[in-house]
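A.B. asks: Read off the chains here:
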Amino acid sequence: MNRFKSFNVRRLSVAGFSFLFAYIMSFQFEGQVLYSLLDLRGTDADRYILAAIIAHFAGLFTSGLFVKSQAAAKSMMIGGMGLCLVATVPFFFPLPTLWMGGLIVSGYFSGCAVAAWGFFLRAFTPKNERIKSCADVLIYSNLLMIAVNVVAMNRSTFIGLSLSMLCLVIGAVFIWMLPLEQENEQNKTFKNKTHGGIKNPLILLCLFVFIITINSGLMYQVINPAFEHLTGLVSWYWAVPYIVALAIMRNLPMKAKRSRILYIGMAMIIGAFISFMLLGRNTSDYLTVDTLMLGACGIFDLFWWSILGEMLDYSDNPAQTFGIGLSANVFGVLCGGVLGMAVTSMGLPGAEVAVIALTVVCVTLVMLPPLNHQLVLLLKSHAYLAAYDNMSQSQQTDIVRQVKTLDPLTVREQEVLQLILSGKSNREIAGALFISENTVKTHARSIFSKYDVSSRAELISTLLKNQTVG
Amino acid sequence: MFFQAYFAKMNTGGGLMQMKLIRKRRNGYALMFAASICLAVWLGATFMLEAVFVFGAISLIFLLLLVRQSRRLYDATLIWDNRILAVPSVLISTEGNLRQADTEETVVSTFGMIIGSRIYRWGLDGVHGVRLHAAQIDKERMYLAFGNADQTMRVELLHGMTQKQALLDATQKLLHETGVTADITGW
Chain A
1 MNRFKSFNVR RLSVAGFSFL FAYIMSFQFE GQVLYSLLDL RGTDADRYIL
51 AAIIAHFAGL FTSGLFVKSQ AAAKSMMIGG MGLCLVATVP FFFPLPTLWM
101 GGLIVSGYFS GCAVAAWGFF LRAFTPKNER IKSCADVLIY SNLLMIAVNV
151 VAMNRSTFIG LSLSMLCLVI GAVFIWMLPL EQENEQNKTF KNKTHGGIKN
201 PLILLCLFVF IITINSGLMY QVINPAFEHL TGLVSWYWAV PYIVALAIMR
251 NLPMKAKRSR ILYIGMAMII GAFISFMLLG RNTSDYLTVD TLMLGACGIF
301 DLFWWSILGE MLDYSDNPAQ TFGIGLSANV FGVLCGGVLG MAVTSMGLPG
351 AEVAVIALTV VCVTLVMLPP LNHQLVLLLK SHAYLAAYDN MSQSQQTDIV
401 RQVKTLDPLT VREQEVLQLI LSGKSNREIA GALFISENTV KTHARSIFSK
451 YDVSSRAELI STLLKNQTVG
Chain B
471 MFFQAYFAKM NTGGGLMQMK LIRKRRNGYA LMFAASICLA VWLGATFMLE
521 AVFVFGAISL IFLLLLVRQS RRLYDATLIW DNRILAVPSV LISTEGNLRQ
571 ADTEETVVST FGMIIGSRIY RWGLDGVHGV RLHAAQIDKE RMYLAFGNAD
621 QTMRVELLHG MTQKQALLDA TQKLLHETGV TADITGW
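Protein sequences appear in the order of chains A and B.
My numbering applies: residue 1 is where the first sequence begins, and numbers increase by one.
My numbering applies: residue 471 is where the second sequence begins, and numbers increase by one.
Chain A on its own, in the form it takes in the complex (with noise of 0.2 Å):
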């Protein structure tokens, strides 16, 4: 019964999420609607686009420093639905100063509703699920954009937008129903295990997120205007390989090593801007460099949504965390839309726009090794972290014994050794031991001199990877 009604409360939150997405997609963050709008009334896009971009980042940077707990994020969701409502009326009526004022509006508070989701995500998808939570509200998502772009490019963009206020109102409705629950002790327990541990992950993956990004942003200013002739099946294909990338990805076995799809992802990037150089601009050439190009997106979005996902155990604050983490692709998509917009104004050939696209693939390249090495440290660290807190005291001596060092450790060296192991930060250590910070610093490492190792993930997984997870 209550995995049943676990899994209903989870449904919930991941159909909220997608009318929210839905709606953000198809209007204000560079939507069908918002561009069918803004050229019915003949206006300036750009400045539009840019504003409300701009509004989304910050909203998705700072929703985590009013937004502290459940009960905080589930008003955040529903009130900032309800302003982006009130602030996407003015654009039935020809008045483009409001516009201007409700783009801003909208865009920074849908951005604080989408980083508030990061608690419910949290609260209600178990941990490794979250990559089918994540690819679920993405699917879901597109489908809705799918649908309301179709209406506003083939019937009439009013209707389009009617349907996009619509997402919202469902939207606000299935987050209103859901439950404000304690946070169970498991994740309790996570978030005092890995102070410190979080930040150079996240920094790491932000960068990672950013930097593929980039890409999304040159391929809306370089590939889409190329293709704008084929506007019908634009409408409705767009999406379909991205969505079709997400669904394979969802359904992989959990065993399968996702990360090597990485590098499948990164094969189709290039191949797309290869193709791109190379094929003219008719509906089979769009096919393809659009299959190869959405389909890389997708593989790409759900491997940094699944790990921001998973992170959110590591994190006080799962908004923050969220937020943090998307913005950084928000950041990706506004500098890639203003390099792109830079290409197309310089009116480089279409080689030398391959070439600047290939030149960020290699980049994301070589910064995939590092990343996953990291995060999968982060992962094991958290695991066995979590055994290692169940166990005697003794069981606790022996295993630390049992891993031999290169020199013996001083009794202080062990004194801190037991206190990383209890998942403490350098802080609380240092409160703990009575000395400096900077003290704990120099003794771990030291330890992990002796140990061999150059991390603190590292040394927790040399420690603590032959005993038995629970």
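What the hints contain is simulated information worked out from the structure, not anything from laboratory work.
Among these hints, one or two may not hold up.
Stated by the list, open to error - Only part of the chain B face toward chain A is listed, based on derived beta-carbon distances under 7 Å:
| # | residue |
| --- | --- |
| 1 | Leu486 |
| 2 | Asn552 |
| 3 | Ala556 |
| 4 | Val597 |
| 5 | His646 |
| 6 | Glu647 |
| 7 | Gly649 |
For every residue, glycine included, the Cβ atom is placed at its ideal position computed from N, Cα and C.
Go by the hints and put chain B onto chain A.
C.D. replies: Coordinates of chain B only, in the frame set by chain A:
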């Protein structure tokens, strides 16, 4: 290399004085670096390219000095924070022959030693770096040997401890912090 440090007279706060001096020097370098960078930028704006190169080079020198002094301050702070024994003042000599009289404090710590204006580090660079190898204490003196695979140094200082309990406390702390068991003789 071999030298000895001899206890001379009681006073306190020498280590702190030393740190203040290093901090003052670091701040001075930071100021000079900022000033030379500003000058280089200003000269660049007035297209005096030769002067820009000169002040650029000067900035680089000050930057290097600043980095060096910041590292010294970090090490000195770490040594001071983890002191095991503070010998109020020392007289340094080379082997057998008195070389230099010094009335500043010597601090022996988990991570090194401050003697006057000199800082000797150990235990900061992991298992392959400079480490404290041995300690020997008699009624008057303390002998410390430290180094790495290539070089070893030996320091001899007058510890000034008259109570056996104080000596035992110091050796216990030395063992706890550095893993080195002091060899006590003549007590």
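A.B. asks: Each of the hints needs a verdict: does it hold here or not?
C.D. replies: Hints versus structure:
Here the hint on Leu486/B is broken, as its CB sits about 15 Å from the closest CB of chain A, past 7 Å. At its closest, the beta carbon of Asn552/B sits 6 Å from a beta carbon of chain A; the interface hint therefore holds under the 7 Å criterion. Evaluation of the Ala556/B hint against chain A yields a violated restraint, the C-beta minimum of about 17 Å exceeding 7 Å. A hinted interface residue such as Val597/B counts as satisfied when its beta carbon comes closer than 7 Å to some beta carbon of chain A; here the least separation is about 5 Å, so the hint holds.
A cut of 7 Å between beta carbons decides the hint on His646/B: the least distance to chain A is about 5 Å, and the hint holds. At about 5 Å, the closest approach between the beta carbon of Glu647/B and any beta carbon in chain A falls short of 7 Å, and the interface hint on this residue holds. For Gly649/B, the interface hint holds, the least distance from its beta-carbon to any beta-carbon of chain A being 4 Å, beneath 7 Å.
This entry does not satisfy hints 1, 3, going by the numbered hints stated previously.
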